[in-house]
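Student: Chain by chain, the residues run as shown.
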Amino acid sequence: MIRILSKMNLSEIRSHLGKFRVGIAGAGGLGSNCAIALARSGVGTLVLSDFDIIEESNLTRQYYFTDQVGMLKTIALKENISRVNPDVFVIVHQKELNRTNIAEIFSGCDVIVEAFDSSDMKEMLIETINSKMHGIPLIIGSGVAGWGRNESVRCRKIDDTLYVCGDESSEVSDNSPTMAPRVGIVANMQANIVIEILMKMS
Amino acid sequence: MKIMLNNRNEEFDRETISVSEMLSLKKFSYKMRIIKINGVLISKDEYDNTIIHEGDNVQMLYLMSGG
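Chains as they are written, first to last, in our numbering: chain X, 1 to 202; chain V, 1001 to 1067.
Treat the hints loosely; a few may be bogus.
[Said to hold, decoys possible] Computed beta-carbon distance windows for the label pairs: (1) X:S57 - V:E1054: 48 to 56 Å; (2) X:T66 - V:L1025: 36 to 44 Å; (3) X:P177 - V:F1028: 50 to 58 Å; (4) V:E1021 - X:S107: 47 to 55 Å; (5) X:K19 - V:M1004: 29 to 37 Å.
[Said to hold, decoys possible] Listed next, the in silico DSS-like pairs over lysine-lysine satisfying Cα-Cα at most 25 Å (straight line): (6) V:K1027 - X:K157; (7) V:K1036 - X:K157; (8) V:K1026 - V:K1036; (9) X:K78 - V:K1044; (10) X:K157 - V:K1044; (11) V:K1031 - X:K132; (12) V:K1027 - V:K1044; (13) X:K157 - V:K1026; (14) X:K157 - V:K1002.
Derived from the structure by calculation, the hints contain no laboratory data.
Backbone N, C-alpha and C fix where the C-beta goes; we use that ideal spot for every residue, glycine too.
Pulled out of the complex, with its shape left as it was, chain V reads as follows:
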């Protein structure tokens, strides 16, 4: 399956994956983050049951303290 992750092509050896699976496959461990799939914000408690499909546009940004 091919998706766009932060405007870059990303390929996974699966038909679909959940957001949680994507985070663990990519070893994204920093917790303060925002994820949007095709422009829709995914809340943290939806990571397990939100499925990423072929062609999806996944955007992730990290929130660092300081300002």
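Looking at chain X on its own, in the form it has when it is part of the complex:
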């Protein structure tokens, strides 16, 4: 099967990816950039969850525009996705994710991308997917802060249901802020793993 899939051309790959649904938990630096990469690649359905409003400071690294400041991130991202690829079906949830609503919000997703800012939320999502959506692959972003150090960023497969992208050591601080290149690299690594997983699914 994998052999056959690897012989697909781009239009066949996009049509294969069109059959799947990917959940993205958070629409900040990781989530907005990952969503755009998946939309450009032809993923059929994206489920976006975030409750934040776009602030001007977000434009330093998140996939939004000056005229979208003040909008809900989910609504603005849905609009931006439709400008990139109107064929993507986008489902949005303006909710703070918690242990009781995650399984419902992401029900039917083939893969889930973790794109939160806080490490507590990352932990909560991993535990909840593990207990309530066991077997669904989850792609974590961990260690995106700062700049440079390209060689430290990696993607590590823990097992078939858990992957981690990032350097697993850089924490955000005033002097090591999240910046567009490094968070963009990790967001695109997450999208890249999603495609790798979906290309093996039938």
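Position chain V against the provided structure of chain X, taking the given hints into account.
Tutor: Quick look at chain V alone, frame taken from chain X:
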């Protein structure tokens, strides 16, 4: 006892150890982490009474804020 820790061979001078003991022997002090043993996620309150055995596959990942 030999185990795999993040895909590397690791040897301890003991027959078995708990997850908490492994963390202190290895001086892993950063608290925001996920640990899986043979693919099973171990919650924080189980670190003391979860025992790692010979040949176990232990995976640990750190969760850093930022995203």
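Student: Hint by hint, say whether it matches the structure.
Tutor: Cross-check of the supplied hints:
Taken as a hint, the range 48 to 56 Å holds for the pair X:S57 and V:E1054, whose Cβ atoms sit roughly 51 Å apart. X:T66 and V:L1025 have their C-beta atoms about 53 Å apart, which leaves the hinted 36 to 44 Å range violated. Restraint check, X:P177 to V:F1028: a C-beta distance of roughly 27 Å breaks the suggested window 50 to 58 Å. The given range of 47 to 55 Å is broken by V:E1021 and X:S107, whose C-beta atoms sit roughly 39 Å from each other.
Range check, X:K19 to V:M1004: Cβ separation about 36 Å, and the 29 to 37 Å hint holds. Straight-line distance between C-alpha atoms of V:K1027 and X:K157 comes to about 24 Å, which keeps the hinted pair within the 25 Å bound. Of the pairs offered as hints, the one joining V:K1036 and X:K157 holds, with about 12 Å between alpha carbons and a cut-off of 25 Å not exceeded. Note on V:K1026 and V:K1036: the hinted pairing holds, with a Cα-Cα distance of about 16 Å set against a maximum of 25 Å.
Of the supplied pair hints, the one linking X:K78 and V:K1044 is violated, its CA atoms being roughly 37 Å apart against a limit of 25 Å. A C-alpha spacing of about 22 Å is found between X:K157 and V:K1044, which places the hinted pair at or below 25 Å, so the restraint holds. This hinted pair checks out: V:K1031 and X:K132 have alpha carbons roughly 24 Å apart, not beyond 25 Å. In summary, the hint linking V:K1027 to V:K1044 is supported, as the alpha carbons are separated by about 16 Å, within the 25 Å threshold.
Among the hinted pairs, X:K157 with V:K1026 is consistent with the structure: their alpha-carbon atoms are about 22 Å apart, no more than 25 Å. Between X:K157 and V:K1002, the direct Cα distance comes to roughly 22 Å. Compliance with the 25 Å bound is thereby established for this hinted pair.
Violated hints, listed in ascending order, are 2, 3, 4 and 9; each of the other numbered hints is respected by the structure.
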